[in-house]
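J.: Could you put the whole structure together from the sequences, leaning on the hints where they help?
So you can see what is in the structure, the chains are spelled out below.
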Amino acid sequence: MGMSSETRNKPLVNPTGEEAFEAVFTRYYPLVYRLAFRCTGQRDEADDIAQEVFLRFYNTPPHATSEVERQAWLCRVTTNLGLNALRSRQRRIYHEEKASDSVQQPASEDATQLSPEQHVIAHEQAAFIRSILAELPERQQTYILLRSIGLSYADIAQATGVAPASVGSLLARAEREFRRRYHERATATTE
Amino acid sequence: MNELQPQQNNNSCLDRGLLVSLRDGELTSEETEKALAHLALCPDCAADARGVYTASLEVYNLLTVLGPSLHEIPETKLALSAVQARLDVQNRGEESHATVPSSAQSKIRFFQVRKPQHPGRWWIAVVAAALIALIVLPNAGALANQFLALFSVQQFQPVSIDPQTFRNGIGEDLQSFGDVNINSGNLDGIQNPTQAQVEQYVNFKLVLPGHLPPGIGHAMQCSLINSENGTFTFNAAKARAYLAQTGQSSVSIPLQLNGATFTITLSPGVIINYGNKCQGQDQCSGGKQFYVGEIPSPVIQATGKASLKDLRDFALSLPKLSSGARLLLQDVNLNNGVVPLPIPPQIQAQQVTTHGTQGVLMTDSSLSLGVIVWQTHGIIYGIGGAISNSSQLLDSANSLQ
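Sequence lines, in order, name chains P and X. Per the working numbering, the first sequence runs over residues 224 to 414. Per the working numbering, the second sequence runs over residues 293 to 693.
For the record, the hints were derived by calculation from the structure and aren't laboratory data. Careful: at least some of the hints might be erroneous.
Said to hold, decoys possible - Here's a subset of chain X near chain P, in silico, CB distances under 8 Å, partners left out:
hint, residue
1, Gly309
2, Leu310
3, Val312
4, Ser313
5, Asp316
6, Ala347
7, Tyr352
8, Leu358
9, Gly359
10, Pro360
11, Ile365
12, Thr368
13, Ala371
14, Ala374
15, Val375
16, Arg378
What the hints assert, rightly or not - Calculated pairs, SDA-like style, for lysine to any residue (alpha carbon to alpha carbon, straight line, at most 25 Å):
hint, chain 1, residue 1, chain 2, residue 2
17, X, Lys369, P, Leu278
18, X, Lys530, P, Glu245
19, X, Lys369, P, Trp296
Virtual Cβ for every residue (Gly too), placed ideally from N, Cα, C.
T.: Right under this line is the structure:
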């Protein structure tokens, strides 16, 4: 979700007013939810995270002077909460797998479009990808996640506090690491 | 050289970061021009570029399985309503008492506060389901066409319901039609009260079974059920927006509904657990689990310019009302307070007479569980547990005194 320079520099309305909160919510909720869902893969959890992000926004509005700063703040908080949830999940799965061979519940219940078999496969695939993501250093997880939902380099830079000119290199490194781990794990699984 | 900066080798070959930036269209036009000119002349870099594109494509294709697809993103307006409801609660300093959660699951989650924490208390879920019929769905039996309408449960009528039919239907989320506020009482901290203390809190005399089914221990402990007070205020603008979103714009909203307020009051109740040993744990231990529940009938009140019947008629006029909700709404008897008790398919239900009134006996033979629910003198009683023998259950129910 890249922003035009006009939007980026647009002065902000009073963020504490009820109307302004609605405007911010309406504008950014889909982005925040998508990001939270990418991290957790669970509707309820993504919902809870999205709510928490906006409650924090309402209770302690960031000192943002532009839309891009505001979006950066929302992405930062969402990513932090989302990756925390992802880490907890991975730990839980690890312990559960150790304790039993129980099957995890499907993450995304898009049963209307997939057959039960396809559903299980899609779920397993998503869990596999998410577990690889969780293995990456946190910064790399963040770069890849933010890019995967369409944020521009300037937006990623703002959300992560790095120079925009560095984002390409950082992404390149994160993507290479992700791909390396993916192929390692995929090969190990098939052997 | 700072490793975070885009690097170029001495021979001006393009590094991976720059190639990624080029791929993403993030270079300036001048940088892009230079990079493309170099790629045209340098087969090594061109090969690298192709490698970067292919690798990136693979990475982001893999990440698409993480979702969500467009239709999985909740409606922004509904999500906003949920957050506003939480803010309302927070602003009233009531967060410690009640949480109004998110999404279409919100009412179901709300009722989890009254759902059993122990598997053996499944029958409370059945009673809760009956209350859902009263509270969550935009309905309620009523003294029709009165400005001030009072309704309380007088009797239960079993109605076969597939729980799935409650999903994906209007009626699950009152917040779509107005503002919901919930206050809970302050009995949560009271552990293992004596019978006398319970009677003081619940304000009615407890009745206990004269005899228990075979295999049930005679030790007992009480747990209080908190009081709750909920208010729903119909908001025509919110309802209109929701109807428009769900393709039901043609439904007309009666003028008198706008701003009308409906309240439900649940007074404190008690659950009595029987077992061989009850030593202040969550649940008694030893032998089969058995419970007696005594909860004052919820009172629903319509104040203002609309009656409960108006609200129910409006709900029934919604073309997308789920079939389960429609069935329950239609089965609420406006005149004598008979409330439909939704019975899932795996539960066998029959009407029985106990304490001179009609009750419902429900059993789940696969799990060896059974319960009888009835209402008398303004109190809803439930008695049951790990017993599926109907006559033993009925004997215990009849022995309550």
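J.: All hints are to be evaluated individually against the structure, with a verdict given for each.
T.: Hints versus structure:
| no. | hint | in the structure |
| --- | --- | --- |
| 1 | Gly309 | holds (3 Å) |
| 2 | Leu310 | holds (6 Å) |
| 3 | Val312 | holds (4 Å) |
| 4 | Ser313 | holds (3 Å) |
| 5 | Asp316 | holds (7 Å) |
| 6 | Ala347 | holds (6 Å) |
| 7 | Tyr352 | holds (6 Å) |
| 8 | Leu358 | holds (5 Å) |
| 9 | Gly359 | holds (5 Å) |
| 10 | Pro360 | holds (4 Å) |
| 11 | Ile365 | holds (5 Å) |
| 12 | Thr368 | holds (5 Å) |
| 13 | Ala371 | holds (6 Å) |
| 14 | Ala374 | holds (7 Å) |
| 15 | Val375 | holds (5 Å) |
| 16 | Arg378 | holds (6 Å) |
| 17 | X:Lys369 - P:Leu278 | holds (16 Å) |
| 18 | X:Lys530 - P:Glu245 | holds (14 Å) |
| 19 | X:Lys369 - P:Trp296 | holds (22 Å) |
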